[in-house]
Structures are given as C-alpha cells and as structure tokens.
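*Asks:* These protein sequence lines map, in sequence, to chains A, B and C.
Reminder that position 86 of the first sequence reads as 86 in the working numbering, one-by-one numbering, no gaps.
Reminder that position 240 of the second sequence reads as 714 in the working numbering, one-by-one numbering, no gaps.
Reminder that position 275 of the third sequence reads as 1223 in the working numbering, one-by-one numbering, no gaps.
Derived by calculation from the structure, the hints in this document are not laboratory data.
We put the CB at the ideal spot given by N, CA and C, even for glycine.
Hints are not guaranteed to be accurate.
[Stated by the list, open to error] Taking CB as the label site, the calculated pair distances span:
| id | chain 1 | residue 1 | chain 2 | residue 2 | range |
| --- | --- | --- | --- | --- | --- |
| 1 | A | N47 | C | S1244 | 53 to 59 angstroms |
| 2 | A | T114 | C | P1394 | 18 to 24 angstroms |
| 3 | C | D1329 | A | S307 | 33 to 39 angstroms |
| 4 | B | N726 | A | E447 | 20 to 26 angstroms |
| 5 | C | R1049 | B | R880 | 22 to 28 angstroms |
| 6 | C | P1262 | A | E52 | 54 to 60 angstroms |
| 7 | B | R575 | A | E447 | 27 to 33 angstroms |
[Said to hold, decoys possible] Selected chain A positions facing chain B (Cβ under 7 angstroms, derived; list incomplete):
| id | residue |
| --- | --- |
| 8 | N33 |
| 9 | G263 |
| 10 | F267 |
| 11 | L354 |
| 12 | V399 |
| 13 | A424 |
| 14 | I433 |
| 15 | D436 |
| 16 | S445 |
| 17 | K451 |
[Unchecked claim] If you want the ones that stay clear, here's a sample from chain A, every Cβ over 12 angstroms from chain C, calculated:
| id | residue |
| --- | --- |
| 18 | D38 |
| 19 | A42 |
| 20 | D46 |
| 21 | Q132 |
| 22 | N182 |
| 23 | A186 |
| 24 | A237 |
| 25 | D241 |
| 26 | K247 |
| 27 | P306 |
| 28 | P314 |
| 29 | Q388 |
| 30 | R406 |
| 31 | V444 |
| 32 | R450 |
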Amino acid sequence: MARSSPSLLCLSLCLSALLFHASQARQQWQQGNECQLDRINAIEPDNRIQSEAGTIETWNPSHQQFQCAGVAIVRRTIEPNGLLLPSYSNTPQLIYIVQGRGHTGIMFPGCPETFEESQQFEEGGSGRDQHQKVRTFREGDIIAIPAGVAHWCHNDGNDPVIAVTVHDTSSHLNQLDNNPRNFYLAGNPEDEFQESQQGGRLSRSQDEKRKRRQRQGGSSTCNNLFCGLDSSFIAEAFNIDESLARKLQGENDNRGSIVRVEGQLEFVRPPKRIQEERQLQGGRGLANGLEETFCSMRMKENIGDPSRADIFTPEAGRITTVNSHNLPVLRWIQLSAERGVLYNEAMRLPHWNLNANSIIYAIRGQARVQIVNENGNSVFDGELREGQVLTVPQNFAVVKRCESDRFEWVSFKTNDNAMVNSIAGRTSAIRAIPADVLANAWRVSPEEARKLKFNRQETHLASSRSQSFRAAAA
Amino acid sequence: MARSSPSLLCLSLCLSALLFHASQARQQWQQGNECQLDRINAIEPDNRIQSEAGTIETWNPSHQQFQCAGVAIVRRTIEPNGLLLPSYSNTPQLIYIVQGRGHTGIMFPGCPETFEESQQFEEGGSGRDQHQKVRTFREGDIIAIPAGVAHWCHNDGNDPVIAVTVHDTSSHLNQLDNNPRNFYLAGNPEDEFQESQQGGRLSRSQDEKRKRRQRQGGSSTCNNLFCGLDSSFIAEAFNIDESLARKLQGENDNRGSIVRVEGQLEFVRPPKRIQEERQLQGGRGLANGLEETFCSMRMKENIGDPSRADIFTPEAGRITTVNSHNLPVLRWIQLSAERGVLYNEAMRLPHWNLNANSIIYAIRGQARVQIVNENGNSVFDGELREGQVLTVPQNFAVVKRCESDRFEWVSFKTNDNAMVNSIAGRTSAIRAIPADVLANAWRVSPEEARKLKFNRQETHLASSRSQSFRAAAA
Amino acid sequence: MARSSPSLLCLSLCLSALLFHASQARQQWQQGNECQLDRINAIEPDNRIQSEAGTIETWNPSHQQFQCAGVAIVRRTIEPNGLLLPSYSNTPQLIYIVQGRGHTGIMFPGCPETFEESQQFEEGGSGRDQHQKVRTFREGDIIAIPAGVAHWCHNDGNDPVIAVTVHDTSSHLNQLDNNPRNFYLAGNPEDEFQESQQGGRLSRSQDEKRKRRQRQGGSSTCNNLFCGLDSSFIAEAFNIDESLARKLQGENDNRGSIVRVEGQLEFVRPPKRIQEERQLQGGRGLANGLEETFCSMRMKENIGDPSRADIFTPEAGRITTVNSHNLPVLRWIQLSAERGVLYNEAMRLPHWNLNANSIIYAIRGQARVQIVNENGNSVFDGELREGQVLTVPQNFAVVKRCESDRFEWVSFKTNDNAMVNSIAGRTSAIRAIPADVLANAWRVSPEEARKLKFNRQETHLASSRSQSFRAAAA
C-alpha cells in the first residue's frame, strides 16, 4: 500500500492536470463586443467553388456569430474517385463525415513510412513505394487535424463524400492572425476563404494575381506552395530536373483542389477483411494512452453509429459525444463534438454550454430552436434545417425540438472537454438547488418548487409522450 | 529504489508540470496600449442597484486600469435573510467576504444530489427534497466560482454580508468577448454592468427593452434565462403546467437579484456543532489532492483569521495568501489572492508582481500608496481608503504605508500562483545581487552597497520602529 | 509487472501532458490582418542608443513582420568590463550570445543567497557579502529569462559581448499590453523601445519628461524604478539615510544602461579551473529533471559548439536545436531556438514551421532566402546578410541557400517545442505520401513521382555536390 502511494498521488495529480488543463488557452480576437449578439441566424454557405471532382462551400467567417465563436466552416463534396489534394491549415480542424467513405493520409513530421509495398507486388517497377500510415474513414467519423499538419483525402466509395469542417481560428495553436488559411502542396486551388479576408477587400497580392490572370486570359495562375519558389531551387531541393520541378508549380492546372484520379488510386493498405475492420473499430475501449505514440496516434472516432450512443432515450433520441477522454488527440487541438438525433417532436431539454461555444450543423430534418442571451432575450427563435449552421455562444441557453420525423445534427465545441449544464431534468441545475431556494427565487409554493425539480425524470432528451403522460397525471 | 524511480520521475514531472503550467493562458483584449497608464486612481463604485434585500455596486469595467488588468469588480451587500438569486457568469470569479456569514450552493453539472432530507423530517410532505452540497461561508473567506457554474447565496447571520467579487474577463475560460455577463436563472435583475457595455452605448435589444418598459409603465421587463423561451417549451421541458412555466419568467417581479426570504430558508445541512466545524476548517493541511473529486472540490479558504498568516511581523502586520497550492480549484480559474494587515505607520516594503496584475480592495483604514511604471514615473501617489479599489499592473513597483491605526486590504491576482519580488528586505532582488554590482550600478561606496543589502532584515513588512532604530544606529 | 503499471500509466500520462501542453497559450494581439504579409524584408536595427560601455540597437517592433510574430528584438554590445544594469521585462526573453563571454546574475524571488564570501577573503571588511548564484556565459549560449525576473550581465572577457534578444510580447506570461518594457533597478537608461510605443506617438508622461529635460538643459531625467518613489519611502524601506536613498534615483547619471566597472568587478564565484568547467558544461546529458529546483534551474544551453549538432551533413552544414526537452525552463517561457551553419552553396531544404513563428538572425555570411505564403506568393526573395533579421511566419514555406563561404544563423521560435515539416528530403511530407497520390496531384508519371520521393536522400541540409551527382546520374 505504502509503496504504491507515490504512484497514486502522481496519478491523481496527473488526472487533475488532465481536468484542469482541459480547455486551455483559446484566444479571442475580439477586442470589443463580438458576442453582443442581438440576433443569430441559421445560415447556409455563401460561397461555392467547383473543382474537377467536387465542390467546396464556405460560410463567410466574418459573420458575427463566427467571429464570436472564433471559427470558420467549410463543406466539401468529393465525388467518387475524387482526391482532395494535400494541404495544411494554420488552424486545428475537426471534420465530420456526413456521408461516404474513403482514405486519408495525415503526414506527421519525423514519423517513419510504415506502409511498405511487398516485394512481389511491384517486382518489375522502379522500386517499391513506401509511405506513412493511411487511414480509412466513413460516415459518422470525426477526424482531428492539428494545425500545420498536411493531409490528403480520397473517395473510394460509390457515393459522394460530404465532409463538414470547423477551423478553430481562435486556437492558440494558430499563431497567425484570425484568417483561416489553407496551404496546398499541389494543384492550383482557389482560396476558399478569399472573399472574407481583409473584410471583403482583396489583399494587394491577390488583386495583382487576379489582374495578371485576366491579362493572360484566364487559367495561368499558380497558387500552391511551389509557385513561390524558383524552379531551380525546387530542382536542387528534390534533386530532379527543372522541367519536373516546373510541373510541381501546376501552372496550367485547372482542376481545382479536388481532382479526379485516373484509373484507380494505388497505395499500400492493409487487407480490408470486414472481420478485422470491425475488430479495429471496436477497439476503442482498450485505448489506455500507453500504446499511442505521436506517430500512431488515433485521429478519428465514429460518433454516427447508434450503438455508440452516450445518452439514449428510446422515445426521444440519442446523443454521442467525442472528447479528449475518448479521443486523446483532441487535448492537443482542444475541440470536441456531439452527434445527436431527435425523433418525432422530441425535445433536447434546455441547457447551456458551460465552457465552450457550440456550432451546430443540421445533418437531416429540421428543428425549432430557441437561444437566449444574458439579458433574457431570445437571439434566435426559428427553424434550423438540413445543411444550415447555427452558433450557440458559451453560456447562452438553448432548447431544440424536432419538427420533422427525425432531426439529426452534429455540434462542434470549442473545448476538448465541453460540458453542458441542463436547466430541466434529472441532472439539471434546478434539481441541484434546494426546493425552498427555488420557492423563494420564483415566488412559487413549496409544492410547485418540487414539481420543477422532480416532474421531469429524463436527462437531456424528452419525448412528447411524456408530456401527455404529465397531462394525464396532472 | 529502482522500483520506485519511475514514480519519482513521474512525480517530479507532475510537479514541474504544476510549476510550469501554473498561470497558463490569460488573454489580453488589448490590441494597443491599454497598459500605457500615465495615471491610476483609487476609485469607488460608480454604479449602484438597489434590490429588495440588498444592493449591488459595480466599478465601471471600462476604466483604463481595469481594461489593462482585464477584470470587472462588484460589491454586493446582502441583508440578513437575503437571498442572492442563482446565476452564473461567463468569467471565473473570486469572491472575498468582507463581512457576515451565510450559505452558498454551487451547482456542478453531473454531480449527484448528496444532501438529502431525512425520512422523519418531512413525513407528511409531498416527498423528500434532495440537492447538491451546500457550503457555509464567513468573514475572511475567499470563494472561487468557475465560469459558467451557477451558484446562489443566502445570508443567515444578523449582519449584512458584504462580498467583493473580481470577474476575470481576460480569462481563457471566457470564450465570449471582454464584457462581464451574469446569467440569472430567476428573478428580474438589472444588468450590473449594463452601462459599461458597448462603451456606454446601449445595445439595441437593451434599448428596446428599456423603451418597452417605459411604455408599459415600469416593471414588466423580464431578464432571466426563461424569458427568452416560450412558456409552452418551458412547460414541456419541466413537464409542468404553462401557468407555472410563466412564473419562472418572473414578469412582475420587482425584487431585483437579491430577494428577501419569507420566513426561514429551509434546506438540508449537516449539524453545525462548533467542534466539528473547527475540525473541518482546520483540515486544510491534510488536503493532498487525493480525496478531492470534481464534485466535492474545496471552493473556499479563509484568509481572514490572523492564525492563518503566512508572513507575520509583530510590530508591522501580517499577510495571508491563497493560491493553487492551498486551494487547488484556483489552478482551474487561474486567480489567487492576498490578505494583508498593516499596523500603525508600518510599511509593505516596495516590490513588484512578477507574473500577475494585482487589484487591491481596501477593507479598513487608509494607506499612502505609490506605484511606479517602467519609465520611473509615479502613476499613483496618494491615499487608498476603505472601500476603494486600486490596480497595480504586472511588474509595476508598489509601496504601501499605513496612515491610520490599521490598514487592511485584499489583493486579487490574475495568476493562480502569483509571485512577488521585493525590492528591499531580506528576500529582495537587491540582496540577491553582489555588493560590487550594486556599487557600480549606483556609483555608491562598497560600504553603502552593503547597507542597501543588509540594513533591512525584515521581509515584506517593516514597522516604523525599526526606522527609529536605524536613526539611532546611523 | 502489475505493480508497476500505475506508474507507467502515469508516466505515459505525464509524457503526453508534456507533449500536449508544450506550446500552450500564445496570445495574439492581432485583431485583423497582421499576418496578411505581402512583403517581408530583411532588416537591420533602426534605433541605436549609446551607453558608457556599450550600445543598444533595436528593431522597431511596429514592423508588420514583428507584429505578426508578436516579438521585439534588441542587440546589445557590451564592451570589456561593461556592466548591463539589473532590469526585468514584462515579456519572456531568449538571448543568443553572438560573441564574447561574461557572467550573469538572474534573481529569483524567494531563492536563497547561495554564493557566500569565505571568512578569509574579507576579514577586515564590513562583513561578508552573499548573493544568489552567478552564471557564466560564452559565445553560442542561449539564455532564457522569464518575464518579471531581474538580471544583470557583465563582460569579463577581452572582446565585446554581442547579444541578440527576442522579447515574446505575445506571450501569455506578459499580462500587460503588447509593448515591450524594460524596468531598470538602477541607472538612468533611455527606453529602448520608446519611439515605437504608441505607434510612434509619445505618451503624455514621456513627453512631459522630455520637455522637463529640455528645460533643465539635458541630463537630469530619472528613469529607474526608484525615481517614482519618495526618497523618504526609500530610506525607510532600506533602513538607510535619505542621502543614500537619493543616490538610488541616479538623477545625474548619464552612463545609460551599460556602465563601465571601475577596477575589477568583485563577486563570489566558484574556481574557474578549465577541467571543472568542461565537466559542468558537458553535464547536459545527465539532466533528468529530478535534480532541478526552481532556484537552481538551468537557464542556458550552448548551441554554438559544432560537437552539439543535432543534424550534420559533412558537405552541407549543421543544425543545433534547443527546446524544452533539453532546456526545461523553455517550457515555462515557451520559446525555443535553432542554430544553423551552411557551407558553400549548400541548401537548407524547403520546409515550413508547423507550430511556431521563426525569427532568423544572420550571424555570419549571407544567404539567398525565399518565403512563400498560403497563396503561393513569394513574400521574400532576396539576400539575408550578417546582422539582419527576417521573420518566417508559421506555416509559410521557406528555403535558404548559402551565398558565401559560410552562412550562420540563429532562429528564435515562438514555441517551446517548435516542429519543422520538410517539403523535400528523406523525412519530408512528400515522402510520406503514396507515389500514386503524388502522380495524380501533380499529373506526373509514376516514375516522376518516385523521383520526387526518393531522389533526395538527405534530410534538412543538402550540398550542391549532390546536385552535380544528380546531373551525372540523370
């Protein structure tokens, strides 16, 4: 016993460090009153870029609700056999796969190339390829991408991949200004957030480039990282010919940032037997932090499968959360997410986000939502429909009610261990307060105070069935 | 030995993590020159709101010294049997109890209701009440309230409770803008910081509300969280009638945020035998981080009792500090405090705050204070009187001298492990410098350099008696 | 095995805490577009202050590249037997010793005076001196100074000491605004950053002081910390005469902040036998975090010695890094550094800084440098010469090529564990990507894709010899 006590003490200190340091260090660019929101709107993307094999839609990050939350949002649609070119961003990203499946490569500096072609496979070729781990993804996955880490993405399914990404521009991991940036290693992509930078005004260099493009009759811009380097430098760096070096600059490439793969994309991957795959994905419970190194770190977690639900009420719906406790990389990027489903007329009970802003993306169906600020004003009272985004600032109260067969959403939260405080239900703040305090606070009778505390036995989710039950009981 | 070394290593790493991560992550809203302070003033509250059973006074947070320090300050006076309604804030708070005693409930999401009525107690009633832990407080207590955590407060003594609260608006735990906000669950409170928001300008919604109030002849505003929700939604959420739901909105409640309890406030509390209480309060030394969970975390520490002094000089006074080493929750909210007493004409020796801004509240008596900036300019040279607030920015030099029988103060510091560097005395920076460096720096003789280092043997506090001793010795 | 698992788990948690919490919490003052850099310049200092025994040169911190990186830069030249007066800053500092050697005293509050004069040494004097640890420094040393910690510096060699200092004004450890400040305990120094504060505008008090100085015909300003305190207060605090107190204010001291020591500077120091010294400096490998306390913390690390190289390519050059893994105090101040040497025509392969801004100071020789932003624009394409500073913002691509016999530089990085991602070479992002993804991304043949991945076998550094090798092989 005595021998183990230092370990225990340490463990305890470590755990409290985990607790206390969850949610360190978000910056806020806001000098003034960015969160003095009189009105929030449910909004759809206001910019769309067509690529060869997909589209990129962005929400203007200068909307006040995104300025308050410190985020930028993108939705990418990648057609079958489309390849999202390798890029990295100055912000950490959390990606939710709304639909489809594919592979993604996330390149960590200094990590070995652990996927290697077999000798048999390419005997006559010009040498065996080897590369870093490639990960699969599928509908319902949350994928975490740290700031500055490059990644690519390929759709190897039969349906388009739809992915919604939140860039945390306020993260301390972004040491540039509050503009989201994507740095592409290849292709000739348009800047997804171009129009919103500089408050709608084009920067000088962008303007010049645009003019140059016009003069030259269209397509001869060059936007990837190699464009700013001399081709002789590139040739020397890669130890290649200058003609190949110039190909890296992609001068006449009009395919955009999502390109169509010619034939089938070939890379090393482990056998895809379903049995093995299930085993891998079910292995989450075994993760104890010991087997994970920087290079083999788990970067995704499925929160779409009903069986993964953290909160489940058969009549009302379910909620699944992912945070740094079940996906440790989130401690690094300090974001988390919640996936929810409400059945017909069910309600997500009123609550506030204790330590995070929440950005809701509506996946399916529609809901009526109310959001209340510190003055008791309703800053949003309306419908939230499929494909729309709605921000719930920290501490603002919010209630959702399904207005279709089924309402599904994903909420991105600006804290790796986001906490919610319910206002009604079995785990609510109201329930935690002595009945007599409630009676005095609201000038209600002791019996009414008890009703407020104990009439709603569900937590977080409630169906309208229980309401009729109440009507009968009352 | 070998076996225990991983534990020790770990312990060491943990401890160094504690050291290194103390004081992470304060944001500063300041873009420009908020701390280019030519003049600091000792100021009294400039706004006062009268409630049914108490008053709330605020210092305008747009004063430059508060903008520099990133704080907002409130003083609440709660009359006997007054109840401060449950609310939470977007900022972490540190509260000092200047006077009085009472109970407070701090509601943590997900924590169980651990206080339960006994079966005998309310046999004929409509069911036993149960609620989360209720804590006592008394004069001299520092209470920590994390951002977004709701709490209420009741005065069960015979004297008014006077409590001074510092909101850390620059904390990374506040993900909204730099305006302090209070979200009330009940009542119809006026916004304590209303006039200071938007730089004195009213927001549109506040203005509308004010106009509506005027049209309707006064009191029918609605400011608590339930006001922004439909009463039908509230009814459904709590599984109650709509008429009760409307009572939560407190439409005609003119009592403000501190209300008078009718009769006696009833809630579950452990027996109050003095012996037990002393035992509980004396138990601080046993706290080792093991027995504390999130739900039973210690939230307060008494720094008023003379016996708790950390620095004590019989002729000069005493200083008591509370930081994350003796109140671990402060690591979470990253604030700490110092309580001081100076006797007649004694001096708090000149020093600077190494890693924190300091906000001094004068509890009793008056002192002469000088504050010096980086240019050697005196930005404050005057009296600090009971009830006034004075900010000492990080690294600015400060000296205090008692100008009455007794000067008492509390300093709130924007770092959970605030450090002070003395300029004179036994533990001072001057003493740490070789005498010959001092002689060359100030062009004084070796003997004078030694006087500078060794003439003042006290640390932090010095009485004027030692000065006369000097006069005699010189 | 089972017994040790808590320790291991804890160890793992601790280590992951180290990993995850490295680089917490940099603030960015930038509200807007401070990093929308169309053009970066290699710049020389634009302000110069002459002191009695040295000069201080500063780069104007309002240059856009420094605003983006959140830093201020100073170069100090201390003549032999010159003493830099004791001061502290509101920002953490990282100092690189370009040339020379000397002693420095870094004063930690609360730490004991561990260097004590022997009884024999000063038997007839007015008592033995004692002071805190004094550290030696020499060419190639990186010295870390936390915010608010006072230090002095003495040149005891025969050559001038040249030291380049980066102030991290964006650090969360600076709780004032983004202006770098130096607080001097002695002397009468001019403000190094004076002209840049307030955007070139003088603050009122500075202006008044300047006017007063003009009225009084020159030198009678007073800028150290004691100037703002009453001399009677100082006398009382130090228990000295007022005439000595007035000497601390240094009214007629025109020596500036670097003064000439009269005779030899006397202080306690351990014997300087070369054998012992070597042993001490070679002891870095033994540092395991256990033997270090706050007071004896290692504050410096030599990165100039060739034998300390982390990356070495005989034909191309070498790179030495210092970060929180080999100098733990850097975890506290969250900065790190890289020292590099390129031989004739060798190249630092293109790369980006994953998680830090980088501020390059050219120590010797000259190089051609290209820097590319997220739009593929070259924001810098030119020469970087000895004595110039160039900022490479986070994620911007950069390549350097030696254009003289030898190019030497030091890069200061705004992260205690700065990571670099190579674009070319054996450990590059390109190498981590499957060849077929590259082929599709750049529309090159499979064979060309393999060349991009495998033609350059070096990491980080490559000589032009290998290029000619390529030409032969091609």
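*Asks:* Indicate, hint by hint, whether the structure satisfies it.
*Replies:* Results of checking the hints against the structure:
A hinted range of 53 to 59 angstroms holds for the C-beta pair N47/A and S1244/C, which are about 57 angstroms apart. The given range of 18 to 24 angstroms is respected by T114/A and P1394/C, whose C-beta atoms sit roughly 21 angstroms from each other. Checked against the given bound of 33 to 39 angstroms, the beta carbons of D1329/C and S307/A, roughly 56 angstroms apart, lie outside it. Under the hint 20 to 26 angstroms, the C-beta atoms of N726/B and E447/A, about 21 angstroms apart, fit the expected range.
Between R1049/C and R880/B the beta carbons are some 53 angstroms apart, a value that contradicts the proposed interval 22 to 28 angstroms. P1262/C and E52/A have their C-beta atoms about 46 angstroms apart, which leaves the hinted 54 to 60 angstroms range violated. Hint check: R575/B to E447/A, Cβ distance near 31 angstroms, so the stated range 27 to 33 angstroms holds. Given hint, N33/A at the interface with chain B, holds; its Cβ is 5 angstroms from that chain's nearest Cβ, closer than 7 angstroms.
Contact between G263/A and chain B, as hinted, is not supported at the beta carbon level, the nearest pair being about 48 angstroms apart and thus beyond 7 angstroms. A distance limit of 7 angstroms between C-beta atoms decides the matter here; for F267/A the minimum to chain B is near 39 angstroms, and the interface restraint is violated. Taking 7 angstroms as the C-beta cut-off, the interface hint given for L354/A holds, the closest approach to chain B being about 4 angstroms. Here the hint on V399/A is kept, as its CB sits about 6 angstroms from the closest CB of chain B, short of 7 angstroms.
Satisfaction of the interface hint for A424/A is found here, the shortest Cβ-Cβ separation to chain B being roughly 4 angstroms, below the 7 angstroms cut-off. The interface hint given for I433/A is met, as the beta carbon of that residue sits about 6 angstroms from the closest beta carbon of chain B, less than 7 angstroms. Given hint, D436/A at the interface with chain B, holds; its Cβ is 4 angstroms from that chain's nearest Cβ, closer than 7 angstroms. The criterion of a C-beta within 7 angstroms of any C-beta in chain B is not met by S445/A, whose closest approach is roughly 10 angstroms, and the hint is violated.
With a least beta-carbon distance of about 5 angstroms to chain B, the hint placing K451/A at the interface is held under the 7 angstroms criterion. Non-interface status of D38/A relative to chain C is upheld: no Cβ of that chain comes within 12 angstroms, the nearest being about 21 angstroms off. With a least CB separation of 27 angstroms from chain C, A42/A remains clear of the 12 angstroms interface cut-off, as annotated. The Cβ of D46/A sits about 20 angstroms from the closest Cβ of chain C, beyond the 12 angstroms cut-off, so the non-interface label holds.
Taking the minimum C-beta to C-beta distance to chain C, about 4 angstroms, the non-interface status of Q132/A is violated against the 12 angstroms cut. At roughly 7 angstroms from the closest C-beta of chain C, the C-beta of N182/A falls inside 12 angstroms, breaking its exclusion from the interface. The Cβ of A186/A does not lie farther than 12 angstroms from every Cβ of chain C; its closest approach is about 4 angstroms, which violates its non-interface assignment. Not every CB of chain C lies more than 12 angstroms from the CB of A237/A, the least distance being 4 angstroms, so the non-interface label is violated.
D241/A, annotated as away from the interface, has a beta carbon of chain C within 12 angstroms; the closest lies near 6 angstroms. Not every beta carbon of chain C lies more than 12 angstroms from that of K247/A, the smallest distance being close to 5 angstroms; the non-interface claim is violated. The claim that P306/A lies off the interface holds: its Cβ sits roughly 31 angstroms from the closest Cβ of chain C, which is beyond the 12 angstroms cut-off. Distance to chain C confirms P314/A as a non-interface residue, since its nearest Cβ pair spans about 37 angstroms, more than 12 angstroms.
In this structure Q388/A is separated from chain C by more than 12 angstroms, as the shortest Cβ-Cβ distance comes to about 28 angstroms. Distance check on R406/A: its Cβ is at least 37 angstroms (rounded) from any Cβ of chain C, clearing the 12 angstroms threshold; non-interface status holds. Distance to chain C confirms V444/A as a non-interface residue, since its nearest Cβ pair spans about 45 angstroms, more than 12 angstroms. For R450/A, the shortest C-beta to C-beta distance to chain C comes to about 44 angstroms, beyond the 12 angstroms cut-off, and the non-interface label holds.
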